[in-house]
Every structure is written in C-alpha cells, then in structure tokens.
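S.K.: These are the residues of each chain, in order.
Number of protein chains: 4
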Amino acid sequence: MMTGQEYKDSLRKRNIKVYIKGKLLKSNEVIDHPFIRGHVNAAALTYDLANDPMYEDLMTVTSHLTGKKINRFTHIHQSVDDLVKKVKMLRMISQKTGTCYQRCVGFDAMNATYSVTYEMDKKLGTNYHERFKEFLLHVQDTDIMVAGAMTDPKGDRSLRPSQQADPDLFVHVVSKDDKGIIIRGAKAHMTGMVNSHEMLIMPTMGMKKEDKDYAVCCAVPVDAPGIIHIFGRQTNDDRKCEGDIDQGNAKYGIVGGECLTVLEDVFVPWNSVFMCGETEFSGALVERFACYHRQNYGGCKGGVSDVVIGASAVMADYSGYSKAGHIKEKINEMIHMAETLYACSIACSAEGKPTASGAYFVDPLLANVSKHNVTKLIYDIDRLAQDIAGGIVATMPSESDLNDPEIGKYIRKYLKGVSSVPAEDRMKIARLIENMTGGTALVESMHGAGSPQAQKVMYSKLSNLEHKKLCALNIAGIGTEEKEDKKVD
Amino acid sequence: MMTGQEYKDSLRKRNIKVYIKGKLLKSNEVIDHPFIRGHVNAAALTYDLANDPMYEDLMTVTSHLTGKKINRFTHIHQSVDDLVKKVKMLRMISQKTGTCYQRCVGFDAMNATYSVTYEMDKKLGTNYHERFKEFLLHVQDTDIMVAGAMTDPKGDRSLRPSQQADPDLFVHVVSKDDKGIIIRGAKAHMTGMVNSHEMLIMPTMGMKKEDKDYAVCCAVPVDAPGIIHIFGRQTNDDRKCEGDIDQGNAKYGIVGGECLTVLEDVFVPWNSVFMCGETEFSGALVERFACYHRQNYGGCKGGVSDVVIGASAVMADYSGYSKAGHIKEKINEMIHMAETLYACSIACSAEGKPTASGAYFVDPLLANVSKHNVTKLIYDIDRLAQDIAGGIVATMPSESDLNDPEIGKYIRKYLKGVSSVPAEDRMKIARLIENMTGGTALVESMHGAGSPQAQKVMYSKLSNLEHKKLCALNIAGIGTEEKEDKKVD
Amino acid sequence: MMTGQEYKDSLRKRNIKVYIKGKLLKSNEVIDHPFIRGHVNAAALTYDLANDPMYEDLMTVTSHLTGKKINRFTHIHQSVDDLVKKVKMLRMISQKTGTCYQRCVGFDAMNATYSVTYEMDKKLGTNYHERFKEFLLHVQDTDIMVAGAMTDPKGDRSLRPSQQADPDLFVHVVSKDDKGIIIRGAKAHMTGMVNSHEMLIMPTMGMKKEDKDYAVCCAVPVDAPGIIHIFGRQTNDDRKCEGDIDQGNAKYGIVGGECLTVLEDVFVPWNSVFMCGETEFSGALVERFACYHRQNYGGCKGGVSDVVIGASAVMADYSGYSKAGHIKEKINEMIHMAETLYACSIACSAEGKPTASGAYFVDPLLANVSKHNVTKLIYDIDRLAQDIAGGIVATMPSESDLNDPEIGKYIRKYLKGVSSVPAEDRMKIARLIENMTGGTALVESMHGAGSPQAQKVMYSKLSNLEHKKLCALNIAGIGTEEKEDKKVD
Amino acid sequence: MMTGQEYKDSLRKRNIKVYIKGKLLKSNEVIDHPFIRGHVNAAALTYDLANDPMYEDLMTVTSHLTGKKINRFTHIHQSVDDLVKKVKMLRMISQKTGTCYQRCVGFDAMNATYSVTYEMDKKLGTNYHERFKEFLLHVQDTDIMVAGAMTDPKGDRSLRPSQQADPDLFVHVVSKDDKGIIIRGAKAHMTGMVNSHEMLIMPTMGMKKEDKDYAVCCAVPVDAPGIIHIFGRQTNDDRKCEGDIDQGNAKYGIVGGECLTVLEDVFVPWNSVFMCGETEFSGALVERFACYHRQNYGGCKGGVSDVVIGASAVMADYSGYSKAGHIKEKINEMIHMAETLYACSIACSAEGKPTASGAYFVDPLLANVSKHNVTKLIYDIDRLAQDIAGGIVATMPSESDLNDPEIGKYIRKYLKGVSSVPAEDRMKIARLIENMTGGTALVESMHGAGSPQAQKVMYSKLSNLEHKKLCALNIAGIGTEEKEDKKVD
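Residue numbers (UniProt numbering), protein chains in the order written: chain E, 1 to 489; chain Z, 1 to 489; chain B, 1 to 489; chain A, 1 to 489.
One should not assume that every hint holds.
Note: identical chains are not told apart, hence a pair may lie in one copy or across any two.
With a straight-line cut-off of 16 Å between C-alpha atoms, the simulated EDC-like cross-links for lysine to aspartate or glutamate are [said to hold, decoys possible]:
no., residue 1, residue 2
1, K208, E280
2, K353, D81
3, K23, E242
4, K461, E329
5, K133, E29
Calculated directly from the structure, the hints in this document are not laboratory data. All of these numbers come straight from a predicted model, not from anything done at the bench.
With the rest of the complex left out, here is chain E (with noise of 0.2 Å):
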C-alpha cells in the first residue's frame, strides 16, 4: 500500500495533459496547480489513513484474489460487513476532508465491472471477467487511483447515442483489430481524473442494439495518446491562488476537481476491454455502479455535513448565540437530516446480497433512496447553516484586508463575536461555511452518482407495485383470496 507521499509522487511519473483556464499545464507539475492541489491532498488522505493503525479495520482489507492487506478502496466487497464498512470509512474520511476524496468513483467502477463480466461470461462465453481480474490485481497490487469514468456529454438528451448529430457525444468504438480498440468521446464531470492513474471507462447508459459501438467499458491510462483533461471551474477557484483564509478549506478544497477527458482516437489494447459491443449488459454495468456509487452518498454527504453541521455550531458559540433555543433546534434538525441520510446507506449496505461472481451487492432500491434523500436534504441542511452562520457569510472582507496595515484593525475589531474569540478565527469558521454550502457543493450533491430524476425512475423498476396493490385490495375485501397474497413478499 501506498502512502500519500509515494501517491502524489507517482502522479508526478504520468504524461497527463491537463488544461486549466486555457493553459496546459507541465505534466509533473499538475498536482502543484492551486486548482488540483487540494484534491490531491483529500485523495491523498485515502492512502494515508490506510497506514494509520487507528483506521485499519475501515481503511483496510484482505483481498480475495491474494489473501494480501490492501486499501479498501481497491477491494471487491466480500460480505454485507465489507459493504457496510464502505459506508463508515467514506463517513470518517468526509469529517477529515470536509470534501471529496474522489477515490470511491473507480472503486464502485471496479465492483460493478467485477459481478458484470463473470455475469456476462457465464451468458456469452466470452472472457472478460478473467482479463479484468489482471487489472484488479496489478491496482490492488499497485495501490493505484482508478477514476471511475461513466457520464458522456450525451448532446441532445432527446435522442440516443446513434441519433446524435454527432456521433463522437458518446464514447465509442471507432475501430478494432486483433490488437485492441480506438475510442472517441469525452467522458464529462470527471471526478479525481487528474489525480488518479488509471481510468475505468463505462456506458453512460443501456444501450440497445443500434448502439453497439456505445456499449464499451474498458480501463486506460489517463495519460494515454489521444488524452486531454480539461478542468473544470469550481465556485471561487481563484481564490485558491491567494491566502489560505479565503478558500475555506484550503487544504482539501471543494468536491471532486471535476475535468472533461476528451479521448481523441485512443488505442485500448484487448486486456484492457471488458466490454464491447454487448448491449445487453451495458444496462446493468450502469445500474450496478449506479448502486455502489449511490450507496456512498449518505456515507460521504453524512460525513460532510457533521462537518457543516459543527461549524455552525462553532460560529454560533463564536458569535455569542448558541444558546438562544431557535439555533439548539436548527442544529438538531441538521442533525436529524445527517442521520437519516446516513440511515439510507447503512441501510441499503445491511440489506446486501451476493452477486452471482460472489461480490456483494447493495440492496439497490434501498442504494437509489439513499442518494435520492442527498438531492434534497443537503439542500436544507446547507440553508440551515447559512441560517445560522449570518449574512458574514456573503458580504465578509478579504484575507489582504486583514492583512493589511492600515485596515486590518478594523477587520480585527469589527469582526469580532465574542470578545475572548480572535476575529481571524470566526472568519475562517465562516469561510468554511460558504466554502461548504456554496454552488459546486450543492450541485455535487444533486447530481453525483446520477440526477435525481434517475433515482426517481427506479423506484417504480424496484419496488413492487404490484404486490402492494394486491395489499390494498386484500385488506379491502376486493375479489381476491388471501392465499394469494403469501405467494408475493
């Protein structure tokens, strides 16, 4: 296993192309831009906790393939308890990070293409699930960061992949011979993609028969020929090129350092395919990953808002109110919506199942709630903290106006709470705060691991309508015996 330094330090190996703002930056360089930084640093904080004997039991595990001690975030989960653990570990981290770490995104990639392959070998004879046990050993072996890489730019959402204007709006196959595969696309809203090694490509959706060529998943090196990482902007990114004060959290920053990948004619070499052209399993590749990765949110989200949840706390004892009865209630709220978001996902964890290859599974309708519950509960929690923390939050001066010789008394005096409080530390708090409960926060919150009207529309796939109906219609004495109703669960 690897240790942060070591991490950051194979990154520096890579022959990335990252834009930011117009600029390609040096390809050792990346992990310095103030941009990407913080993300390394939260990333990096997955390798490091794993070496730390406090966190062993959530950050570590024995892989099935080699009996060997690995990072979790590298492992197939093996039991409704390594489901469960997943949860825990993704809480702990997000108290520490405040943000995150990105790592989970290729570790659900991983699990779904894991059960997928042996799913689709067993159908089809084909020989997939044996070449991406390889890949799982050689990352499991060599503790590297995998993105997860699944949502294209999808063009007009009113037309399938093939109907597109252009075809490139979903990745595909251009191309094969004996030796492997060109692709072409872009994957969108990247999280950890520059940061990481290796990217786990996958269908964006289920595909049918006339989008063949859409129905890749395959792992490539994220500094393979053909590969440009464009950065995308995040809420007051530039300020990550000042002081520290003003970024809120300037160690670990905001979300996911999300980059457009484009693959301009990549050459994906066949050990490395683990889908091509099977329609019929790209939908439950899709709906597997969306699972895992939905089973994390109130795992992560729950984390994060402890963190959001105690600096309101903090800024009402900075500011000499928390003891007024509205803010204990406000704060007792916060918390009630923290736990029942993280209710969902130890929930849907508990409720796993094996899969057919001997992964476990979350219980997917369960998983679909759990992230579902984040569109909007963390929406309430974030105004509830802005509640709490004071119009400060928007209007607050500078880190240089502190600073300054002329001014900074005045900062320092008039943005006091209480007196026994230094000014610079209520103003961090309430950084942290509009750090937190900002734009990509928020939006991360929305629509990681799928909109919410994806949720939405399982809910009539998973939940039984039927045998809820013949419920209804037992107990009201309508035309039906009740025998019948054992026969349905």
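Could you slot chains Z, B and A onto chain E? The hints should help.
M.R.: Frame of chain E, contents of chains Z, B and A only:
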C-alpha cells in the same frame, strides 16, 4: 405457541372491566364489541402467522432461556439479526393488516426491562432481573400477550410528578408491605390493553429523587382487582356498528384500540415488581423502551404505507388516470418516503449492539431518527394518497345508499370510474384510503412512541456535537492539533 | 335580506328529496337531521351577520342592478374593493364557524356566469346575459341561497364526456323543445346543496365540439322533479347523533355537507338556461368560476386556520406547555402559513380587473396560487396542531364516559391538564382539534375548487414563460436586442 | 432626474475611500473596479428606466413636497397605489438585472425616518421631522442615491450595545457640541454604499435607556472624513477580472456589492441628525424600516426568480429535455413559488395604511410573511434550477478554454446540447444559473432585511393570538359569550 383462535379463547376467560361510551361490557364479550373486534383480529394474526411455515423465519425464534421455539413477540433479541428480523416482521404483518397489531409494545417493554434490571442488579445488588426472567419464562411458555404501559396522564406538563396538585396523575406506589405493593394512578393511550393478558408497567420518564414513589416497574394482569379500562374513541368508530364497506378496513380496524387504564389501589406481589424506587435507573428504562419502540416505526409504518401506496395506485387504475405523469411522480415520491422510513429502522437495527445482559439493543440515535421521520413523512404520504384518491374520499355516500333498492342504482352508476370495475370496488378502495389517512391514523404516527420533540431532544444527547465542532476546527485550521482529532470519532 | 331564521323557515317549504344512509328524509325536516343541522347553522350565519350592524361593511353591499342594499353573497363584484372585501368577509365568518358556510359556491357561480354570458352574447348574438340578469335580480330580491353545481362524476378520467361507456357520467341535454331542455346526469361533491333553494349548473370542463350536449349552464330549483340528493358521509358523522362534546363543533359541523345530486331527466325552461351547446365558451365559464372560487381559499381557510391555531394555543395553555420554546416556534410557523394563504387571496383580489361586462375578475394566476398553497399548507398547519395537541386527540374517551356516574370521576381526574381548568374544557378543545384536522376537513382543502394538479397546469398557461426566457437571454447576452425586452412585460 | 450616465459621473466626483482586497482604490475610479462595476450598472438602470417613457408610471411619481416629477426611489409613499407600484417596479427591474440594484435600502430608510420623526416630534416636541424634510427635498431635487445604513457588527449577540467589551461594536455618539455630533462604530453588509452619495444611518435595534448613545439616526455623505469602506467578497468575484461568460451576469453582477463601512469619529452637523438619544423611538424606526424593506422581497426576488425560471427553461430547451414531464412539473412548481412570494408583497402593500405623517405604511404582519417566505422558497426555487440545469453548472470548463486555439474545438463540440444551439450559448445560460443560484445570492435571500428568526418573532407580536384563542373557545362552547367575540377582530 397459541393460534389466533386459542388467543381469542383465552381472552374470554379474563374477568376484565372495559367501558365503552359509558357502558360496562360483559367480561367474556369484550372482544366481540364492534369497536374492539378488529384490533383483536389484528393481534390474532401475530399468533396465526407464527404457525404458518411460510413465515416461520420471521415470526418464530429459539428462546435463549429454554431453547424452545417461541413466537418472536416474546423473545429477547440475541443478535443483530434478531433486531433486523423484528423490523421485517413488522413490515410484513402491516402489509396484511394495514394497521397496528399492538403486540410490539409489550415486546419492547420486556426487552427494555430485561437489560435494565440486569444492570440495576449489578449496580445496586437488587434481585429484579431473576424475578423478571421468571415472568418472561411464563410469557414465553404461555404465549400470552403483554401490554406495555408507560404513558401517564401527566396533568400539568410544566410540573414534575410530585409537584402535581393531584399526586395520582402519575402512577405511584401508595404503600408496600412484605407481600407486595399497592399502586395508584392511570396509564393513558394504552395500545392493545383490552385484548392483552398482562400489562408491564413502566415509569413515564426519568424520575428524580423527590419522585421516588413514581419509579415503579411491575407486571399486573389486565383484570386484576382495582383496574378499569375506558376505551377511547377513534375516527369513525360508530361505523363499525354498521356494514363493512364504510369501515374501510372492516377486519382489522384502525390503529391500536387505545384505552385509559385506571389503577385504583392495585396490589402487586413482590415477584412481579421489577423496579421500586430506584430513580437512577428510571431514565434508562424509559430511554431503552423508547428506542426499541421507535425502531419499529419504519417497519410497521413502512408496511402501512405500502398498503396506502397500493390503494392509491388501485384508485388511479379504477378512475382511469394511472398513466398520468403527475400520478406516477406522486406514487414514486410515496415509495421514496416509505423506503426512507424503512431504511432508518433497518439501519438502527443493523447497528445494534449487545448490552451487559447479552440482550441486543438498537442504535439509539438512529432509532430516534427512524421514529422522527414518521412524524412528518406519513403525513406527506397520506396527503399524496388523498391527492391521488380525489374528493370522493370525503363526500362518498354510504354503504346503505349502495344497498338501497331505490337509489342504489344511482350509486352504482355514478360512482363508477373505468367501466370495467364495479362502483362497489371503487368505493371499497376509497373507504380504505379514508380509513388509513384520517385522524386517528395520523395522530398515532405523530405521538406513538413519543412525540416528535421527544425525539428531537435526544439528538443533542446522542449525537457527539463536540466531535463535529472539532472536525470543523481542524479543517478550518483553528487552534487544534490534528492528532487530537484521531482520539474522537 | 333574510335573517337566519327566515332562511331556515324558507328551506322547510321546499319539496326536496334527500337520502341519508339509505333513508329518504321528510322534506320539511331535512334541515333538522343531525348530519345536516350544523351546515344549515353555518349558512344561516351568512344571513344573520348581514343583519348585524357591526359587519355591515363586509356583509352587505349596494346592488348595481337595483341600488338596493343586498347580502354580499348575492352581489356581482363591481370593484377591487368588492373582491378584497369578499376575502375579508370569508375569513371573518370562518373565524366564527370554524368550518364551511357553503354560500360562496353559488356566489362564485353567479359572478362567473354573469361575465361569460355577457361575452358570449357579444360574440354569438345570443341572449343569455339578459336572462341571467333576471335570475340574478330574483336572487338578490329574495336573498335565496344558490348552490354552484359544477363537478360531474366523470367516470373514466382518461375519456372525454362523449367517449364514456355511460353517456350520463357528465350532465347533458337529452332533449329540447320550445319550452326548454331536459337534462340528465349527476353532480358530485355538491356543497350546501341540500340547504339551498336553487342550483346553478355549469359544465365541469372545457368542452370540445363533439361534447356539445355537455356544454350546458342553467338554474334549477333544488327540489325540481327528477332530482334526488344523496348525502355523503363525513368523518365522525355518526357522533352528530349523540351529545355535543364528541362532535368537536356541534353547532357548525365539518366542511360543507356534500351530496351527490342525481338529475334524472329534469326539465329546465329556456329562461333559466344560460348556455346550451356553446362549447367555445364552456372553458371560459369553468375557468372563471374556478378562479373566483380559488380566490376564496386563503380567506376561508385563513379563518379556519385561525381557529386551529387558537385551539392549539388553548390546548397548550390547558396542558401546561405553552411556554416551551418549540411550542411557540410551532405556533409562529402556523401563523406564518395561515397569513401566507391569506396574503395570496388578498393579492389576487387587489390585482383584480374589470371584465367586459363591468364585473370585476380576480388575477387568475394569483388565484390559482392561492388555492394551490392551501392544498399543502393546511396539511402542515394541521400536522402542527396535532403535534401540539398530543395523542389525546386520538385516544380520548367519550362524552358518555365523562357523564357516566361510575367512571366520570376518572375522566375528570385523569384528563385534566393544569389544575385550574376542568377536564371537560380540555376535552372540548381536543375534540375541536380532532374535528378540524381530520379526514373530511383535509380532503376538502385538497380537492375543493379543483385538485392541486388543476392549479398546477394553469401556471404554464397563465404565466408568461416566454417572457421569462427572454429576460434570461438578455442578461446572459444571448442573441437578443435589449430593445426587444421592453416590448414584453 | 439624473440619467444613468449622469449618476455615474456624479459618483466620480466623490472623495470616497474604498478598499478591495487590501488595496485602496482611486476615488474617481471606484466605480470602474471590476468588483463594483456591475453593481453600478444595476443602480444606473434605476436612473435610466425613470427616463424611459415606457416605464414612467412605475418609475416616476409626483413629489408631495414639491409637486415635481421625481424618481420613485426618492418618494414618500402617499397611497396604497404607491406601495403596490413599488413592488411592481422592483419586480420589473429585477427581470432586467437578474440581481439587486440596491436603491431600495435608502428608499425604505427615508420612508421610515419620515413617519417616525413626525411621531417623535409630536410626542417629544423635537424638531427632527422638519430637518428630515429638508434632507428629503435635497434628495428629490438632486436625485442622489442614498444608502440605508442599519446593521451594526453587533459583536457578542448575547450582550446589548452598552454591555459589549468594545463599545464601538454598535455605532454610537461619542461627543456632541452645538455644531453637531461625533459618531463612531461601523455598519456591516452595506448594500450599494460604495456607489451612493449619502448614507442614512439608523440604529440596528430597539435601544433601552442604558443604550442612549446608540439611538442615533443621521445622514452623512459616504465620503465624509473618517469614513472607510471595505468591500466584501462575493462568490466568484475574481472572475469579474476575466472575460464575460464565466461571470454569468457580466453586466450587473451578483446581489448588492456589500461593504463594511467604518465610521472613525465622523462629524455630523445637527441639521443632518434625525434622532439622538430618543431610545423610545428607536424600536419604531427599526421596525418601520424593516417592514418597508421586507415588503420588497416578493417583488425583487419575484423578478429574480423569473430570470432563474426563464434560464432553467432555456437550459432545458438547449439540452433537449424541455418536453419531459418532470421538467414541466418542476418549472410549474418554481412559478408557483415565485408567484407566492410576489403575492405576499402585493398583499402587504394593498393592505397598507396611512401613518400620522400621511406617509403610507405596509401591513407589518404581511410584510414579515413576505420576507420570511423568501428565506425558504428561494432556496427551493434555486434547488430546482440546479436540478434542471444539470451537473454542468458545477464542472464546466472556462471561457479561456472555449477561446483556446488548441482545445476550444472540444468545448464547442462536447458542451453542445441540441445541435441547433452553439455550445457558447449553452455555456452562457449555465453560467447565469450558476451565478444566480450560488452562495452570495442565496445568503442574501436568507439574511437581507433581517434573518428569518427576526421575522418569526414578529408573528407573536403582530398576530392577535388572543383573538384566535377566543374564536376557538367560542366554537368549542367554552365559557365565553358570543357577544364578546364581536368586540375583537
């Protein structure tokens, strides 16, 4: 294990005093009264299902005391699996009854008393736990139904028990001798009491030293001398004296059939006394019972919601609008909420831990979250059900109109929805929705297992706010060492 | 203007056929039936208050037809002030009745018919408006109560009137001659019908050409040959046959006393026909009525909410927790919602405009907003009322128990809250809250004046979305000239 | 009346001290700073629109002092119509700017001071009202912009002004002589201050006798000696130093451009002092200003919401999902909320009443309701906007990437939605949504015109809870005579 019929027969043998609307019922006919009959049927189902091989795994379990197969409702939880199965059992039964079957109250009271008496004896050298085990053995052997009896009338809520103008507003010990104790007072909102065999009395809140006489826990037959039960009114209870349709749920009724139980100087022998003046353990007993009971609500109300959702979907089918987009959205939203409730109950169970006695206890924070969500989401689910069902729920003519030779034809003609479904069936579903979304059912979701504020105040107690503050301070870089963070979790 | 007593006397003279629970009532005793009595009392108050000098300004107005002083409920709005005073009148009466007094339905129907017949005549050269003015004069002169009759049973909601298996599921003209027309069908959810003198029948929705026979508007005496009224069940209606307390609101009842009115080949002379086949104006009539009626809901439900809020505050006083912070927060939240409802009704009135006929019409967009808020906020207000009131609302013994010589003492002892208030008063308030927050009352808030979706679909129609898009495009600097913006508003 | 250009020119003549990020700006270039420019443009629009005949009715009015035509922003409301037109004017301007134009603060401050000084003089025999009229005449004649200055830094919120460790945490009089007074302290969150001419200082809350020195109201030029303005940071402020697209709203910016205004021993001549020690009127002044200011929020935020709704609809068009049912539902829901906000502002205006001074005042209860709804519904509207807009809002590459010769082609290719719309336009709309739903904009909706709790506490004061209780008691038939009810209303 008794069957439902044996359970009913056994109830007839009691010498119980029950008043309904100012009339004393004949003791052996109590369970035949239209107001009570449905509740008895619901409770009887907990007996019949235990004898049904299909539900053996959920409904029965091996006693840790005797090794015999027992009805789960008499069991002391020995594992996380027991806690989880309790929730699943509750949801399953609710799907069949659409309402409360009451037996969980005594179940939870016994589990709470079991572990608290153990701890009390350890600390104080008393002998309550052994006494209680004897009582428990009796319950398991005879499969009797035990009513949990916690809530006192409380009088002036701003005063403690010993401060009330009338000392009887909380149940208390009025005298004791070497044979036993005499208690006086009343218990309010007593679910399932009139169709139980024994009641397990507990204090209604943590008592201080000056309220010593009020710290009393004991078992008493429901027909002991000095006990009078006054049955409460439910929404539309008079309809139970008419035909079936207008009741909505003619077989199982509405909620739990609560009564006010008056204890007028009731004698309790020492071997049935499990706490008598040990104020320091009264709070623990209340809290433990409350958490076990709050655990249930995502199970039973999840199942009840399944029926409401199913009934709404049937009503949409019968009325011809089940394909409308907004109807589907609303049904999906109802499913989302029902599963959120369920997930919280599963989570607090999955996170359960053993107590010193070996009995398993739920995660108390998540158990409170579970119930708290019910106090809001059931209202939202029922609102959507009324939205989907239409105004007919509030203005529908009676069953007698349907059956009238003169005007029945108009009912059959004009209350029809889609032409393939008889108006009578549509009426039955409308009445079921009316039954399930109305007054008593809603209020029970609000106040059963404690009012919402009772859950909310637990958050400050059970959630580690100081840790959350520390997380925020660490990330904001304010005056703490990271090392410290590791100490807390 | 009639007094309440004269109103009641006049009702006894009708030869009306009303069925309740399968029994035909004696025509002159209809208003004495316990199920109906309260509704009559509420409607009678609209007569008595008009004779009370204290309320002269709100309750009476000068007829624009005759210059005589009339009851406002028979008036055609002649100004914004009339529209605003209507809302204030409704809130004031609701504060006295705590429930529906039904007379606004005919009031709104007359205002809608007045302006639409005017426009129809202008366009089509018909003579409906003069006919209608004659009818109106009669209503103003005699101060009779008119029931608005819009909602048809509708059958299969996915089919239009003429597509139904049974053509009678919407009221339609079955034949006509030079004397008049014969209509058949039924009207559902008829508020105040059984205690009105006339009904004003309107189509239930905009009709297309193929539904020509269904585009009919006319006035008919409620006791015309061929008419049968079947009274609907309300929550706890049977309690009205017992004592006072358990009714909650013994004087005025619950909501509007709805019935199903069957029209079995009813003859209507031409001078009472105000639309007959003019499908192109059917939609306008429906919409105009709907908007007038939706205007009301922030008025009457604002007043009803005042009573619910007051009752909750009294219950808190009586129980000893009115000083608790969370109780105050909840009451303030209830006030916030009640005033939001009221504000919307005031706003749609203040923004009213004259129609071509001179009658004033509300702002239709804001009128829809007004009703739509009721479909959600009344549920929230009532939920908080049940929260504050406590479980007693759902489990309280009966009035007969209170009056029983044996057990009455226990009721008086144990249902007491603070020692200074008799248990009986606390019971009365609990029953009032039960009455007002229960089934029928909630459902009426949902579906009265149209279900929520009926309001929601109006937003796309009434709100200028294209203008909103243009605003956004201008600010974003996309392809539009600023000058264009000025053209729209 | 000035034009926008004249307004800007006049600002250049000030000798104002403004700091941004630790740098003192050149006095005559303050309005050119990228952080400030947009706010100036927005305020300038209030001048230009007043000169546009199309908006004459909303934007201009006849002065009651001089009979001259003036900009409405300098007017004292003389009728309900004035109050209503204020709201309509605000919504109209917001639809053009998509953000705050700041001028209402001084407008409201002047209206509040006008009527309170009148009442103060009547009661205390002071001469403040005449002084204030002189000031007002000057404002109306010169059409200058006045900043309302109420909020003090407040320090420890659990302490009153005179109890603070530092006496300057609230603005106070440090000395006075026959020429005038010297004041010290600071005003926080000062909207539009750096582009105003004068500020009108008011106390931040009702003062008690011991806080006499803090009860001060006066007018001061923004560039008076001793005044320093420290400009606050806004979300994404640094983007204003780059190109246009990434700003979202390059012309008008975000919210109000707030600053911290330090008053370091500033001299104010007596003729500009309108309160000095009259603590008993400080509360009235605060409340009156607060109500006028809360009135606005349904107007300006209604207009801002129109832009957000329009932008969301455009984004749906551009992405190809504007026909999806759930998208339409969400847009209708947003419209519902925006109109609810607007309705409350219209209602509190329509219910306005004259004060003793003749100036019209809004209904204070409904004005609080208006603002309070904003603190919740704007969050819900913006959440739905982010839902509709998609994750692109949080991860979109920069304008520099779009313009880059190497990678611009990828941006244009992959950020396209429907093929007929250039990616650049879709980016512009996404950035506008990002701008309007982000941090600063949300926080301003929460805390502008007072935090939500400030509104909530007004409900108990302004709503007649005793009357509501009486209504409930009357209906429940508890111990009151109906006659009494008539006395209250």
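S.K.: Now, for every hint given, state plainly whether the structure supports it.
M.R.: Okay, the hints, checked on the actual structure:
In this assembly of identical chains, K208 and E280 lie within 16 Å of each other by CA distance solely inside one copy; the values are 7 Å within and 46 Å between copies. Taking identical chains as interchangeable, the C-alpha atoms of K353 and D81 lie at most 16 Å apart whether they share a chain (11 Å) or sit on different chains (15 Å). For the homomeric pair K23 and E242, the shortest alpha-carbon distance between copies (14 Å) is at most 16 Å, but the shortest distance inside one copy (19 Å) is not. For a Cα distance limit of 16 Å, the shortest separation of K461 from E329 across copies, 13 Å, qualifies, whereas the shortest one inside one copy, 38 Å, does not.
In the homo-oligomer, the alpha carbons of K133 and E29 never lie at most 16 Å apart, since the shortest distance is 32 Å inside one protomer and 65 Å across protomers.
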